[in-house]
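First to last, the sequence lines map onto chains A and B. Take 512 as the starting number for the first sequence in the working numbering and just add one per residue. Take 552 as the starting number for the second sequence in the working numbering and just add one per residue.
Note that these hints are calculated values from the structure, not bench results. Check before you lean on any hint, since a few could be wrong.
Stated by the list, open to error - Heads up, simulated DSS-like pairs for lysine-lysine below, C-alpha to C-alpha not over 30 Å straight-line: (1) B:LYS652 - A:LYS535; (2) B:LYS628 - B:LYS600; (3) B:LYS652 - A:LYS579; (4) B:LYS628 - B:LYS652; (5) A:LYS589 - A:LYS535; (6) B:LYS664 - A:LYS589; (7) B:LYS600 - B:LYS664; (8) B:LYS609 - B:LYS620; (9) B:LYS664 - B:LYS628; (10) B:LYS600 - A:LYS535; (11) B:LYS620 - B:LYS600; (12) B:LYS573 - B:LYS652.
Stated by the list, open to error - Which stretches of chain B does chain A cover? Using the computed rule of at least three CB atoms under 8 Å from a CB of chain A, they are: (13) 592-598; (14) 629-640.
A virtual CB, placed ideally from N, CA and C, is assigned to each residue, including glycine.
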Amino acid sequence: DAGVIQSPRHEVTEMGQEVTLRCKPISGHDYLFWYRQTMMRGLELLIYFNNNVPIDDSGMPEDRFSAKMPNASFSTLKIQPSEPRDSAVYFCASSSSGTTNQPQHFGDGTRLSIL
Amino acid sequence: AQSVAQPEDQVNVAEGNPLTVKCTYSVSGNPYLFWYVQYPNRGLQFLLKYITGDNLVKGSYGFEAEFNKSQTSFHLKKPSALVSDSALYFCAVRDFTNAGKSTFGDGTTLTVKP
Numbered sequence: 512d513a514g515v516i517q518s519p520r521h522e523v524t525e526m527g528q529e530v531t532l533r534c535k536p537i538s539g540h541d542y543l544f545w546y547r548q549t550m551m552r553g554l555e556l557l558i559y560f561n562n563n564v565p566i567d568d569s570g571m572p573e574d575r576f577s578a579k580m581p582n583a584s585f586s587t588l589k590i591q592p593s594e595p596r597d598s599a600v601y602f603c604a605s606s607s608s609g610t611t612n613q614p615q616h617f618g619d620g621t622r623l624s625i626l
Numbered sequence: 552a553q554s555v556a557q558p559e560d561q562v563n564v565a566e567g568n569p570l571t572v573k574c575t576y577s578v579s580g581n582p583y584l585f586w587y588v589q590y591p592n593r594g595l596q597f598l599l600k601y602i603t604g605d606n607l608v609k610g611s612y613g614f615e616a617e618f619n620k621s622q623t624s625f626h627l628k629k630p631s632a633l634v635s636d637s638a639l640y641f642c643a644v645r646d647f648t649n650a651g652k653s654t655f656g657d658g659t660t661l662t663v664k665p
């Protein structure tokens, strides 16, 4: 079990640039979650998918943020244009709905710095 | 709506002493409760869960948690703390009717001093 894989681990870019974060969930998991973690706001759920379909995107901060899941093994979170306040650690997590008591499995995150 | 409260931002204990990290929850139905731990520069890792049955749940690294339905609490405990237990701990709740989304608390930083 390779776990949830996120790339890149670190990203530093200038304000206004497009940023794309990538996630490979655990094989067989049908839920995928994107979170953002900051000191000020803690852990925030941005969006989650079930069977590649977005279920709840109410946590996406604004239209600059978009997420896709083109297939069961890949998801992206895109910020365009990026702003300094988007600096945070972004986590992807996956879980199985085989039974509703399954925990989420988190990747090690992407540390994003917008200059 | 479901919610979780971790009333303490920080818990400090001496190595070898027992530790408790508090969590209270609110859900409309039967709760599924989870504890996760986060070490620096890592993602959250699952520690233990309560679904049904025995109110005392045992998990990884010697941690356990006690479910109390009347007090709507799910406190994390360990009889003897280790310095290596120092980390950020999150409580999470999922409603029985919501197969996907969990609600996380704000986290409690545990510091174990030698």
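**Prompt:** Can the restraint linking LYS664 (chain B) and LYS628 (chain B) be considered satisfied, given a maximum Cα separation of 30 Å?
**Reply:** Within the cut-off at roughly 17 Å; holds.
**Request:** State whether the coverage of the segment 629-640 of chain B by chain A holds or is violated, taking the criterion as 3 or more residues with Cβ-Cβ distances under 8 Å.
**Result:** Violated: only 0 residues of the segment 629-640 of chain B have a Cβ under 8 Å from chain A.
**Straight-line alpha-carbon gap LYS652 (chain B) to LYS579 (chain A), limit 30 Å** = Answer holds: LYS652 (chain B) to LYS579 (chain A) is near 18 Å, not above 30 Å.
**Request:** Take a quick look at whether LYS573 (chain B) and LYS652 (chain B) sit within 30 Å of each other, Cα to Cα.
**Result:** holds (22 Å)
**Prompt:** When you check the alpha-carbon spacing of LYS589 (chain A) and LYS535 (chain A), does it fall within 30 Å?
**Reply:** Given pair LYS589 (chain A), LYS535 (chain A) holds - Cα atoms ~15 Å apart, limit 30 Å.
**Asked** Quick one, are LYS628 (chain B) and LYS600 (chain B) close enough, alpha carbons at most 30 Å?
**Response** OK: LYS628 (chain B) and LYS600 (chain B) at ~13 Å, within 30 Å.
**Message:** Count the residues of the segment 592-598 of chain B whose Cβ falls closer than 8 Å to any Cβ of chain A, and tell me whether that reaches three.
**Reply:** It holds, with 6 qualifying residues against the three required.
**Prompt:** Between LYS664 (chain B) and LYS589 (chain A), is the straight-line Cα distance small enough, at 30 Å or below?
**Reply:** With Cα atoms ~41 Å apart, LYS664 (chain B) and LYS589 (chain A) exceed 30 Å; violated.
**LYS600 (chain B) paired with LYS664 (chain B) [C-alpha distance capped at 30 Å]** = holds (27 Å)
**Item:** Holds or violated: LYS628 (chain B) to LYS652 (chain B), with C-alpha atoms at most 30 Å apart
**Value:** Holds, at about 25 Å.
**Prompt:** Between LYS620 (chain B) and LYS600 (chain B), does the CA-CA distance stay at or below 30 Å?
**Reply:** With a Cα-Cα distance of about 15 Å, the restraint between LYS620 (chain B) and LYS600 (chain B) holds, given a limit of 30 Å.
**Prompt:** Within a Cα-Cα threshold of 30 Å, do LYS600 (chain B) and LYS535 (chain A) meet the stated pairing?
**Reply:** holds (25 Å)
Of the hints listed earlier, those the structure fails to meet are numbers 6, 14, in rising order.
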